[in-house]
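**Q** Now for the letters of each chain:
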Amino acid sequence: MSADRENHDMTQTDIALLLADAADGVEIGIAPVQAVIRGGRRRRARRWAVAAATTLVLAGSTGATLAFAGLPGGRADRGTPTAPGPASAEERHVYRPQRTELARGTEHGRQWRVWVEVWGAPRDAREADRQFAAMKRTGVRPAVDKAADLVGKTSYFSMRSYGDGRSLVVMFDTHQRTDRLTGTDLMAAAVSLEEVGPTAPERLVVGHVAKSAREVTCRWKDGRSTVARPAGSASAAQDATALIRPVAGYPGGNWFVCLAPEGTVYEDAHVTR
Amino acid sequence: MGDGKQTRNEEFQSFVVGRWPRLMRTAFLLTGEQHAAEDLVQSTLEQVYVAWRRVGGADDPEAYVRRVMINAHARRHRRRLREFLAPKDDSGLVREVADTGDRIAQADDRSALLEALARLPARQREAVVLRYWEDLTETQTAEAMGCSVGTVKSNAAKGIAKLRAIPGLADMVTHGGRK
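Chains as they are written, first to last, in my numbering: chain P, 372 to 644; chain E, 140 to 318.
It should be emphasised that the hints constitute simulated quantities derived from the structure, not laboratory data. Please note that a few of the clues may not be correct.
[Unchecked claim] Think about it this way: if two alpha-carbon atoms lie no more than 30 Å apart in a straight line, the pair counts; the simulated DSS-like pairs of lysine-lysine are: (1) P:LYS507 x P:LYS517; (2) P:LYS592 x E:LYS292; (3) P:LYS592 x P:LYS582; (4) E:LYS292 x P:LYS517; (5) E:LYS292 x P:LYS582.
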């Protein structure tokens with residue numbers, strides 16, 4: 372080996388030492404803990420809204436053609452039916468989701484609806500493939516890259532429809548374990564009631580809160596506010612612009628809906644009781 | 140909820156304070172630039188905060204943090220922020236490796252190493268930094284990068300080979316610039 376070659380030869384230990392020395396060149400500074408937490412809270416609050424705005428997932432079915440199997444006050448109160456057991460994929464809602472209608476109303480002669488679909492967890496790749504295809508047929512796309520990633524995971528989609536238009540996915544996620552919200556935890560997204568564009572006025576607020584939450588206050592940009600309270604066993608067929616409901620197959624919390632009066636838009640939402 | 144949430148917040152704050160220096164160093168090697176490193180670490184920790192309820196109680200929160208950071212780094216790279224990653228002078232052109240004869244100051248040495256790292260493709264840089272700075276096993280590195288052990292081996296080997304091929308960098312070692 373020539374002297375020149377020797378000079379240019381580095382061991383992996385040398386590389387590690389060079390890296391360690393180079394890493395010392397950074398100014399560490401003080402950890403910006405509060406900025407990180409503020410940023411984290413903003414991310415959490417924005418997570419769903421951003422997902423809705425950037426994906427603008429349009430579902431193939433219209434509100435008028437949906438069948439709502441999971442009615443408030445019924446199976447929804449019994450929690451998730453996806454516990455391990457001998458239940459068939461159909462019984463576990465792997466290929467057809469449980470649907471719970473949250474709210475509906477009429478504006479300018481057109482009916483709007485908000486509902487949540489919960490797809491049971493596939494147990495193997497075959498079930499996952501079929502579920503992926505079934506989701507595709509209904510026009511929704513889960514938060515995974517490929518069908519195999521659905522195995523063992525529950526997916527949910529909250530959606531809204533307006534008139535005969537196509538449905539819009541407001542919030543969605545796919546996860547192995549549903550985080551149970553507690554206390555004043557709240558996750559929400561605001562979307563337009565009738566349009567799908569990212570600049571459309573965000574009047575419709577959909578989100579979820581802890582099972583213990585008795586009141587959610589949605590504040591609007593003009594200073595007004597709307598209070599959502601548990602709807603009890605009232606049917607969603609009854610027009611309501613603000614309420615809290617359990618959702619069939621979703622054990623992580625209850626869901627709420629608030630609709631802003633015309634002319635104003637969403638500011639924020641908090642659990643107030 | 141109050142107490143549980145308060146405890147989680149305190150745990151998270153301790154985690155951030157404790158891990159910040161190490162994460163900054165890793166991010167600096169990945170990005171090659173102070174502000175980019177701060178930005179990468181801060182956005183990584185913000186994402187960790189969102190998932191802290193799950194992550195904080197996990198056996199190995201570090202593994203989750205590394206995965207988030209590498210994903211964030213890869214995303215930035217995919218967004219073609221390559222110019223953001225490579226140190227530049229005022230002309231906006233990536234600098235040539237400095238003349239080895241003039242290399243005395245340690246800062247210059249560091250700069251040369253960072254330039255050499257910045258020239259590596261992102262996946263090779265990630266593999267080199269995780270294996271030889273973070274001192275992770277190939278399996279841990281594969282988990283952080285979301286790829287197979289074989290891919291880690293291949294990327295690390297290529298990255299190291301390219302670093303070795305840079306004459307100025309090898310001289311840094313042979314001229315006693317490192318302990």
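**Q** Now look at each hint and say whether the structure bears it out.
**A** Going down the list of hints, with the structure as the test:
1. P:LYS507 x P:LYS517: holds, 12 Å
2. P:LYS592 x E:LYS292: Cα-Cα ~54 Å, so violated.
3. P:LYS592 x P:LYS582: holds, 27 Å
4. E:LYS292 x P:LYS517: Holds, at roughly 25 Å.
5. E:LYS292 x P:LYS582: violated, 48 Å
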